[in-house]
Amino acid sequence: MTADVPAVLRTDGVTKTFGGIRAVDRCSLAIHAGRITGLIGPNGAGKTTLFNLIAGLYAPDEGSISLRGERIDGRPPFEIVHKGVVKTFQIPREFRHLTVLENLMVASPDHPGERPVSALVGWRRVWDREEEIREKAAGVLSLVELDRLSDADAGELSGGQKKLLELARTLMLDPKVVLLDEPLAGVNPTLTGKLLGIIEGLRDRGSTFFMIEHDMDVVMKRCDHVIAMHQGRAIAEGSPEEVRQNELVMDAYLGG
Amino acid sequence: MVEVTGVIADLASFGALVGIFAMLALALNLQWGKTGLFNAGIAGFWGLGAYVASMITTNPVPTALARPGHWGIDQAAFPAVFGVSTSFSMAIVVAAITAAVLAFFIAIPTMRLRADYFAIATLGFAEIVMNVFVKNLPGITGGVEGIAGVPRPFEFGSEIWKTNLSYFLLVALILVLVFFLLERMVRSPWGRVLQAVREDEDAAQALGKDTFSLKLQSFVFGAGIMGLSGAFFAFWLRGVSPPPNSFTAADTFAVWVIVIIGGSGNNRGVIVGAFVVPFLEYFSVRAKDWFQLGEPLASQIFYFRLIAIGVVLIVLILWRPQGIFPEPKHVARRPRWVVGR
Chain A
183 MTADVPAVLR TDGVTKTFGG IRAVDRCSLA IHAGRITGLI GPNGAGKTTL
233 FNLIAGLYAP DEGSISLRGE RIDGRPPFEI VHKGVVKTFQ IPREFRHLTV
283 LENLMVASPD HPGERPVSAL VGWRRVWDRE EEIREKAAGV LSLVELDRLS
333 DADAGELSGG QKKLLELART LMLDPKVVLL DEPLAGVNPT LTGKLLGIIE
383 GLRDRGSTFF MIEHDMDVVM KRCDHVIAMH QGRAIAEGSP EEVRQNELVM
433 DAYLGG
Chain B
1129 MVEVTGVIAD LASFGALVGI FAMLALALNL QWGKTGLFNA GIAGFWGLGA
1179 YVASMITTNP VPTALARPGH WGIDQAAFPA VFGVSTSFSM AIVVAAITAA
1229 VLAFFIAIPT MRLRADYFAI ATLGFAEIVM NVFVKNLPGI TGGVEGIAGV
1279 PRPFEFGSEI WKTNLSYFLL VALILVLVFF LLERMVRSPW GRVLQAVRED
1329 EDAAQALGKD TFSLKLQSFV FGAGIMGLSG AFFAFWLRGV SPPPNSFTAA
1379 DTFAVWVIVI IGGSGNNRGV IVGAFVVPFL EYFSVRAKDW FQLGEPLASQ
1429 IFYFRLIAIG VVLIVLILWR PQGIFPEPKH VARRPRWVVG R
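Quick mapping for you: the protein sequence lines, in order, are chains A and B. Per my numbering, residue 183 is the first one in the first sequence, and the count goes up by one each step. Per my numbering, residue 1129 is the first one in the second sequence, and the count goes up by one each step.
Honestly, the hints are just simulated from the structure, not real lab data. The beta carbon of each residue, even a glycine, is placed where N, CA and C say it ideally should be. Hints may contain errors.
Dumping the calculated DSBU-like pairs for lysine-lysine here, alpha-carbon to alpha-carbon at most 35 Å [claimed, not checked]: (1) K318/A with K1457/B; (2) K403/A with K318/A; (3) K376/A with K358/A; (4) K1457/B with K358/A; (5) K1457/B with K376/A; (6) K403/A with K265/A; (7) K318/A with K265/A; (8) K265/A with K1457/B; (9) K376/A with K318/A; (10) K265/A with K376/A; (11) K376/A with K403/A; (12) K1290/B with K1263/B.
So the derived label-pair ranges between C-beta atoms look like this [as the list claims (entries may be wrong)]: (13) T1133/B with D333/A: 49 to 55 Å; (14) P1449/B with F200/A: 35 to 41 Å; (15) F1232/B with L436/A: 54 to 60 Å.
Go ahead and model the full structure; you've got the sequences and the hints to work with.
Structure, rendered in structure tokens:
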């Protein structure tokens, strides 16, 4: 089942220790392209730490992380983003005093206008690129149905709209892998459906998602593949059904 | 007639000082207003620019028995263009570059610090530069005596109102240039990404922005403008003198007050703010003559400006925390003219 699809992201024996606690302990797993992979596990299993390791916010103490065979562990976060791995925050981190549209435009990579000298000179090509980015941002906004709010300050959005904005902002980067840290936490059922619809639509066009999620109903129905973590390690993986029936996973959740 | 020229001389001198502080405020508005960098060492960059400019525009003075000397350049070495010595343009440019270079080396170890620690680090740096180095290098900086006899770029005749007015116009011209330069830079995608760094540095990093480098650019560029302002301050004062006379933490504080009053993030606002603080000083010095005050008020009124600044700050922070002019919406705008095909 897993062998026929190439792994886009792989961790090998990754370990991260905080003081005496091994938050992630020799964790090895693979994420396959074009799928929504769910990451489950009880509180303290090391899911968010693993995400932070992949995104480069921490460097692993041991082990390696690779994207399409190229090692990315130990690189600064912004380089990992440029290589195509983008993480959303569990609590949305919008730029409050920028408008919704500006929040998306600022996410665009390789904008020549973000260099001080080109900003000062004001090259025509900078401002032409700015127009392209504006159009792309407008397109992404209509995809997530925030286009009516494009001129509002991002700080004025509701909690659910901020979640949409958080996802939309990552899409500006055309990522190879999107790490979603509880994208549905605190979101009402209608919006949950909308967010999942958007994610599935992108998956169908070839995007890859790796998603921490606690709602088992969502994991079982919407994820293509599930990985379960416990005490810092990947203890099981497979289809949602296989993972649900795995005894190690049941023990972990029941406090084994 | 004496009356009118006296007023012109006085107002022009005041106006030039407003312009000099406005440059500082614009620079801090880039660093703090746009990028969120808590620079508490403004006096250091300002003072450095002033000292460098003073040394370039005066002849060297050897240390004599009674008085410390200072470095300088033989002024005969500078050719004059249209009757103005080229030493001035050199002084302005070198003052800005020196302050920017120093900012670069300070930023490398301190830029990763959190805002409050960064503030303490920059404050400490300014105190070290002015109080430890500048004061204790007689033969180079003039030690505690500073540097006297710094000329101004335009000295039209001997009448004070003419030189003050021409100097005011020069400062105003430079201020306008600095304003448009900064406004163009800030209202660009660069300004927008700086604002993103200010709002949430972690989130900016998560979107692939090299936030360290962006903060460095903003800090170094702002410090360069502070050095430029320092050069114009040295010409204005016709000399430099170390703390506690000039370049103290109180000057740094004054620039902060200006930015907060005017409106953090709004370049027009901070220029208006730059009028308020020097005006309170201007007013408090002259009030005793204007209102024919008797003692003890006449000798005390000077200190009322400190109370006035405090009251203005409290009122503003309670009722209008964004300042007189709030930050404009829509950061990046295509400028009226662009370069290239």
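So, against the hints stated earlier in the document, which numbers end up violated here?
Violated hints: none; all satisfied.
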